[in-house]
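**Q** Numbering follows this note's numbering, in which position 207 of the sequence shown is assigned residue number 240; successive positions increment by one, without gaps.
It should be emphasised that the hints constitute simulated quantities derived from the structure, not laboratory data. It is possible that some hints are incorrect.
Simulated crosslink set (BS3-like; lysine-lysine; CA at most 25 Å straight-line) [to be verified]:
#1 Lys284 <-> Lys337
#2 Lys132 <-> Lys74
#3 Lys80 <-> Lys132
#4 Lys132 <-> Lys76
#5 Lys337 <-> Lys279
Computed Cβ-Cβ distance ranges for the label pairs, DEER-style [unchecked claim]:
#6 Trp310 <-> Ser429: 20 to 26 Å
#7 Gly137 <-> Ala432: 47 to 53 Å
#8 Gly77 <-> Val424: 40 to 46 Å
#9 Val127 <-> Asn338: 41 to 47 Å
#10 Arg309 <-> Leu146: 43 to 49 Å
#11 Gly343 <-> Phe221: 39 to 45 Å
#12 Gly137 <-> Val434: 52 to 58 Å
#13 Phe225 <-> Asn315: 39 to 45 Å
#14 Leu405 <-> Ser172: 40 to 46 Å
#15 Gly273 <-> Ala49: 36 to 42 Å
#16 Val198 <-> Phe278: 21 to 27 Å
#17 Ile108 <-> Phe278: 49 to 55 Å
Ideal Cβ placement from N, Cα and C applies to all residues, glycine included.
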Amino acid sequence: MISSSKLTNTQWLAIAMLAIANLCSTVVFSCLGPFYPDEAKRKGMSKPQIGLVFGFFELVMFVAAPLIGKYMHLIGSKWVCSGGLLINALAAIVFGTLKWINNGVTFFWASLLIRLVEAFGEACFHTASFTICAKCFPSRISTIVGIMETFAGLGFTVGPVIGGVLYEYGGFETPFFVLGSVLMMASFLSFFLFQEIEDDASDHSTGMLGMLRIPALWLMVFAVVICAISLSFLDPILAGQLAPFKLSAIKVGLMFLLCDGFYCLTATLWGFILDRWKCCSNLLMFLGSSATIAAMLVFGLFGKNLVVIGISLSVIGIASGALYIPSFQRCLDVVRRNGYDDSFHTNGCVSGLYQSSYALGGFIGPTLLGGLGVQTFGFCGSTIIIAVINVIFIFSLLAYVIMKHFFVGDTYFVDAESAASIIKEQLQHAQAVQHICSHSEAYVRYIESMYSDVGGNKTQRTVSKWGKNLQATQRNTTSSTSVHFGGISSNSANRRQLAQDWIRLSSNGSKHREEELMRALWKLRDQLIEGTTGLRRNTDLS
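Sequences and hints are given; from them, build the entire structure.
**A** Okay, here's the thing in structure tokens:
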């Protein structure tokens with residue numbers, strides 16, 4: 034689904050490392066499910082205490098992820114990502130030593146403390162990995178997120194199986210020692226495979242607090258929360274719903290696999306579709322939420338048949354991917370359209386909010402709706418509540434699309450001062466050109482990566498110099514109607530001459546990739562033209 038001709042070897046290594054790291058981290062997280070509750074009962078822990086050990090993980094991630102995203106630029110994404118994996122690995126190994134604690138109270142508090150550290154490491158890794166994805170693959174974000182989610186879902190699927198087997202043959206400590214060691218090797222590997230990333234800080238003064246004033250961002254957060262609720266709601270209660278069918282443990286396990294399995298199978302597909310047809314993200318979220326409503330109602334009202342349950346679980350997995358995968362790209366788009374630059378700090382803040390939202394849904398699903406909700410309203414009542422939440426999301430999404438299309442365009446004013454500032458920027462040509470050119474930076478990075486193996490370091494320096502010329506031009510642009518960057522005029526009518534000029538400037542005469550260079554340049558030019566057209570339309574309307 035990703036054309037190898039458009040990715041460098043370094044980028045392929047980064048994709049492979051993100052996939053492996055997501056797989057290993059989720060295996061470590063989920064491996065204790067089959068055996069920890071029984072072990073904790075033998076130590077004297079109560080059911081609420083056991084539930085808190087599991088739910089506490091999501092609460093810590095909910096609090097930690099936004100803070101990590103906000104301040105990650107001070108440390109660097111590479112260090113945060115590899116360090117998060119290492120913290121997670123060490124916490125897992127230490128968790129295995131709990132076997133030798135016999136006092137129930139001590140066992141409980143030690144478990145809680147280690148899970149806190151593990152959750153912090155997981156928040157570091159996931160927040161940094163999404164930031165790296167946005168920075169290194171700006172034109173393929175949804176596809177890369179889909180790949181990461183496929184391997185994360187695979188880890189959640191096989192983690193309990195691997196944990197159960199290792200526990201069966203080696204005892205309580207074996208799963209944590211073995212899987213923690215594997216994750217530690219993955220953390221060292223990630224440090225050497227991830228390239229250094231220029232962690233440029235944003236100049237936007239309002240930061241994350243300013244993002245929280247954007248209504249459209251809350252809609253994407255809502256989508257992530259209900260996706261997490263749908264995926265985690267059945268974890269503590271599905272076995273009880275299947276009890277009347279008197280299935281074997283293996284068959285019950287297979288029913289658990291249906292939801293996560295179909296999520297894994299379709300996550301990458303959704304990402305590819307979104308990157309191929311970028312305009313369909315709202316439609317995909319609408320269909321995903323609608324399918325979730327249907328699946329929850331059918332399961333709750335007619336879940337007396339095993340086939341119906343199986344189909345419902347499969348649909349929930351597919352629909353959850355349709356909600357989750359578009360959300361990250363949409364979050365980035367929304368904040369950039371509201372004045373945030375395409376910087377590492379911006380990506381980090383968005384990643385932190387994104388991971389925090391999923392953790393919140395991961396806590397609400399099994400704890401409040403799957404536990405307390407089922408106890409209070411029954412299983413059918415809880416599924417209806419989830420369906421109603423999705424109905425609210427659909428109406429919110431429709432209102433968002435209508436307002437965007439007919440009233441306020443792509444920019445959502447948060448107050449009169451911000452609105453006046455944006456309108457003033459639109460009416461001043463020099464600032465408008467600077468705003469449009471800033472959107473081309475993603476294409477500049479794309480072209481730089483494509484040229485990285487043409488002409489060696491000299492070419493890379495030449496291309497980087499071209500990018501700096503573009504930025505300097507943005508700052509110095511006057512009211513001229515022609516935008517010049519790197520010695521090339523964007524209003525030239527000769528497409529081939531543009532390509533030849535670009536080849537001459539960037540690769541010193543290398544011809545063997547002329548067609549790819551020409552396509553990349555023309556894509557950049559089309560982006561600038563499209564932005565100019567939209568700007569003129571908005572200016573006329575104002």
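**Q** Against each hint, give a clear statement of whether it holds in the structure.
**A** Against the structure, the hints:
no.	hint	in the structure
1	Lys284 <-> Lys337	16 Å, holds
2	Lys132 <-> Lys74	13 Å, holds
3	Lys80 <-> Lys132	19 Å, holds
4	Lys132 <-> Lys76	9 Å, holds
5	Lys337 <-> Lys279	13 Å, holds
6	Trp310 <-> Ser429: 20 to 26 Å	23 Å, holds
7	Gly137 <-> Ala432: 47 to 53 Å	51 Å, holds
8	Gly77 <-> Val424: 40 to 46 Å	44 Å, holds
9	Val127 <-> Asn338: 41 to 47 Å	46 Å, holds
10	Arg309 <-> Leu146: 43 to 49 Å	46 Å, holds
11	Gly343 <-> Phe221: 39 to 45 Å	41 Å, holds
12	Gly137 <-> Val434: 52 to 58 Å	54 Å, holds
13	Phe225 <-> Asn315: 39 to 45 Å	40 Å, holds
14	Leu405 <-> Ser172: 40 to 46 Å	44 Å, holds
15	Gly273 <-> Ala49: 36 to 42 Å	40 Å, holds
16	Val198 <-> Phe278: 21 to 27 Å	25 Å, holds
17	Ile108 <-> Phe278: 49 to 55 Å	51 Å, holds
In summary, this structure violates none of the numbered hints.
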